[in-house]
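So the sequences go chain by chain: A and B.
Under my numbering, the first residue of the first sequence carries the number 95, and numbering increases by one thereafter.
Under my numbering, the first residue of the second sequence carries the number 95, and numbering increases by one thereafter.
Treat the hints with care, as some may be off.
To be verified - Once the Cα atoms are required to be at most 16 Å apart in a straight line, the calculated EDC-like pairs of lysine to aspartate or glutamate come out as:
#1 B/K195 to A/D196
#2 B/K136 to A/E340
#3 A/K195 to B/E113
FYI, nobody ran anything at the bench for these hints, they're computed from the structure.
What follows is each chain in one-letter form.
There are 2 protein chains.
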Amino acid sequence: MRDVVILGVGMTHFGKHPELSLKDLARAAAWDAIKDAGISPKDIEYGFAANAIGGVVTGQTMVVGEVVLREVGITGIPIINVENACASGSVAAMEAYYAIKDGRCDMAIALGVEKMYAGDTLLTTTAVAGAGDVELELANGINFPTHWALRAQKRMELIGTTAEEYAMVSVKSHKNAQYNPRAQYQKPLTLEQVLNGRMIADPMTQFMCSGIGDGSAAIILCEKEKAKKYTSKMITLKGFGIATGEYDERRDITFNDIEKRCGEMLYENTGIGPKDIDFAEVHDCFSIAEFMRVEGLGLFEYGEYGHALRTGECEIGGRLPINPSGGLLSKGHPIAATGVAQMCEAVWQLRGECGQRQVEGARTALTHCSGGGIAGDGAVSVASMVQKDY
Amino acid sequence: MRDVVILGVGMTHFGKHPELSLKDLARAAAWDAIKDAGISPKDIEYGFAANAIGGVVTGQTMVVGEVVLREVGITGIPIINVENACASGSVAAMEAYYAIKDGRCDMAIALGVEKMYAGDTLLTTTAVAGAGDVELELANGINFPTHWALRAQKRMELIGTTAEEYAMVSVKSHKNAQYNPRAQYQKPLTLEQVLNGRMIADPMTQFMCSGIGDGSAAIILCEKEKAKKYTSKMITLKGFGIATGEYDERRDITFNDIEKRCGEMLYENTGIGPKDIDFAEVHDCFSIAEFMRVEGLGLFEYGEYGHALRTGECEIGGRLPINPSGGLLSKGHPIAATGVAQMCEAVWQLRGECGQRQVEGARTALTHCSGGGIAGDGAVSVASMVQKDY
Numbered sequence: 095m096r097d098v099v100i101l102g103v104g105m106t107h108f109g110k111h112p113e114l115s116l117k118d119l120a121r122a123a124a125w126d127a128i129k130d131a132g133i134s135p136k137d138i139e140y141g142f143a144a145n146a147i148g149g150v151v152t153g154q155t156m157v158v159g160e161v162v163l164r165e166v167g168i169t170g171i172p173i174i175n176v177e178n179a180c181a182s183g184s185v186a187a188m189e190a191y192y193a194i195k196d197g198r199c200d201m202a203i204a205l206g207v208e209k210m211y212a213g214d215t216l217l218t219t220t221a222v223a224g225a226g227d228v229e230l231e232l233a234n235g236i237n238f239p240t241h242w243a244l245r246a247q248k249r250m251e252l253i254g255t256t257a258e259e260y261a262m263v264s265v266k267s268h269k270n271a272q273y274n275p276r277a278q279y280q281k282p283l284t285l286e287q288v289l290n291g292r293m294i295a296d297p298m299t300q301f302m303c304s305g306i307g308d309g310s311a312a313i314i315l316c317e318k319e320k321a322k323k324y325t326s327k328m329i330t331l332k333g334f335g336i337a338t339g340e341y342d343e344r345r346d347i348t349f350n351d352i353e354k355r356c357g358e359m360l361y362e363n364t365g366i367g368p369k370d371i372d373f374a375e376v377h378d379c380f381s382i383a384e385f386m387r388v389e390g391l392g393l394f395e396y397g398e399y400g401h402a403l404r405t406g407e408c409e410i411g412g413r414l415p416i417n418p419s420g421g422l423l424s425k426g427h428p429i430a431a432t433g434v435a436q437m438c439e440a441v442w443q444l445r446g447e448c449g450q451r452q453v454e455g456a457r458t459a460l461t462h463c464s465g466g467g468i469a470g471d472g473a474v475s476v477a478s479m480v481q482k483d484y
Numbered sequence: 095m096r097d098v099v100i101l102g103v104g105m106t107h108f109g110k111h112p113e114l115s116l117k118d119l120a121r122a123a124a125w126d127a128i129k130d131a132g133i134s135p136k137d138i139e140y141g142f143a144a145n146a147i148g149g150v151v152t153g154q155t156m157v158v159g160e161v162v163l164r165e166v167g168i169t170g171i172p173i174i175n176v177e178n179a180c181a182s183g184s185v186a187a188m189e190a191y192y193a194i195k196d197g198r199c200d201m202a203i204a205l206g207v208e209k210m211y212a213g214d215t216l217l218t219t220t221a222v223a224g225a226g227d228v229e230l231e232l233a234n235g236i237n238f239p240t241h242w243a244l245r246a247q248k249r250m251e252l253i254g255t256t257a258e259e260y261a262m263v264s265v266k267s268h269k270n271a272q273y274n275p276r277a278q279y280q281k282p283l284t285l286e287q288v289l290n291g292r293m294i295a296d297p298m299t300q301f302m303c304s305g306i307g308d309g310s311a312a313i314i315l316c317e318k319e320k321a322k323k324y325t326s327k328m329i330t331l332k333g334f335g336i337a338t339g340e341y342d343e344r345r346d347i348t349f350n351d352i353e354k355r356c357g358e359m360l361y362e363n364t365g366i367g368p369k370d371i372d373f374a375e376v377h378d379c380f381s382i383a384e385f386m387r388v389e390g391l392g393l394f395e396y397g398e399y400g401h402a403l404r405t406g407e408c409e410i411g412g413r414l415p416i417n418p419s420g421g422l423l424s425k426g427h428p429i430a431a432t433g434v435a436q437m438c439e440a441v442w443q444l445r446g447e448c449g450q451r452q453v454e455g456a457r458t459a460l461t462h463c464s465g466g467g468i469a470g471d472g473a474v475s476v477a478s479m480v481q482k483d484y
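Looking at chain A on its own, in the form it has when it is part of the complex (with noise of 0.2 Å):
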């Protein structure tokens, strides 16, 4: 049995960068982890790279790992892209994971970049809006704000939930955002500022949705033994979970299935549960996202999420903590780079370097991104769970 662990982690700021290229922004990220971990780009031996939309909006339509990797050394070895829409990025590190347990190799990275912003939004649109099947659902006018907002309106239906408890999590988010210098929102925003946003998608408000952003993240995954070379703080890559959409036309709409099924893997694989978790950074893609969430992973009993929003018990000082990063709402998110900034926050959290948005004491981390959305269901959606070992 070989155990993983994140030797090291980088990430650049996420927001819109005109200036800077997919390789400037893979760069920067790689580079960061490169020296986080202490070796040299000569030690890695397997790469894994995530990037969802580059083709549309830069032209590089493919072997943008091997083209991006490059720029920091990194050549010759097996480089591998993977896409799975907005987990796309933890699929990287997932697989990273695995050709380190198996055994293929000792030391890997997985980086994810994203370049969405090139000036024409509606080419960035409609790029993400192939995240879902673009026969069936954009051809009908459905694209993921319409989804999403169709699943908040039933839960108010069905459960009570207020358009304030929806606003509730994009106040929480900001207020995290505001000390994570890499955040792409970094100011505070009342109830009210909330709710008074340009409408998207009834209930949600424009601070309800994630932006457009650019971003690259990156981690270098090690065998544990080998690890003891470079450090003896150990952060532990436990294990993963991933599920696709099982696309029952007679479902719930207000429950994920997709991530009850996921948090089960992942609970399995690493013998960690729920009640053992300090921290979740998930996948608020929109502020309803957060409650489905949160919820299908079983972190919260599905209909309580307003509650614990309204007490405080997602909150940093709360019983459990959710996105203390700021999220996707806040922080931002850059398609492909965001399942592995999560796993960037996951270990700066462990590791107790968040400042004022520490989590006091956290010793285990989960991180969830859930891409895509087919046939009103989510396509897939990936799990990690994260611990400090020392």
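Given the coordinates of chain A, work out where chain B should sit on it, guided by the hints.
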């Protein structure tokens, strides 16, 4: 030690199919493979799907695997999308192989699908050029035909290879493809016809360049003990080699070091060497490329492939047949489908099902794809070994 067998294979006709979508193509190939394996879609535990330019050509930027595999009832299980340019299908097969070998699952599908033809040739050729470094190369007028023409010219100068020898690759390819009902170009061509074709990039005429086509291929991989439930005629996937470019500006562009390193890893991982191989399917995206693949992989000595073409050594019936399927030049090259399609051909040949293009008595096959190109070197090279066990 777990062994991995190819339990079933499926492939569409390769060619221009304006009436068929990504879903249609993938459904046909996946269903063929499922039927060939004698399994139910629900027996499949893991999926790896490859697609390269679907985002640009069809708008399906993301989650292609989830969207198309749902068409044959493959849902709920982990589905990971991979992309390594022209080696995308090979990498899907490689990741599926490791997932089984290392115990993540017992049965997996690897699928490659590509829709290249959507009426706008410029859109397609621009998307294909995105397999290079778009900042570095495309902006400077280097696309794949010009890249390979430079190599062809250099080889003529250094080794004395002739335009006739380059043309012989295409003559052999079309000769073999006439017996392949799934091939895009099934009409044999004479040396004169190939040499007198429209000039694309001197010395390469249109018949020395792979064309634009749609297609899909799928294989079902299974752990060997479990496979005994379905068959006694085992075809084993012995292992893979993979390498990325080193990008040495001073390298000899008439020899592919990337293929050499890929081949060495393959031979080491499988314990099978170039002398043990009965035939090979290699990445002849251009006729010059076939020279560099077979010499790089050590199947023929450097500088000797022209001689092999003249003497028929690489023909069906010769010492070491190369591309009995017709290869990319004649069978067609729907980018991400190609690597998987090569493995389909390997299985059909080893089973003795290839009719007039049969390599008699074949027991061991090598498949090889090379994806993309950066700074005058290949971006990634992937090879597999397939062996008959009965």
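Evaluation of the provided hints:
About 9 Å separates the Cα atoms of B/K195 and A/D196, which keeps this hinted pair within 16 Å; it holds. Taking the CA atoms of B/K136 and A/E340, the gap is about 12 Å. The hint holds against a cut of 16 Å. A threshold of 16 Å between alpha carbons decides the hint, and for A/K195 with B/E113 the separation of about 44 Å lies outside it, so the pair is violated.
Of the numbered hints given earlier, the model fails hint 3 alone.
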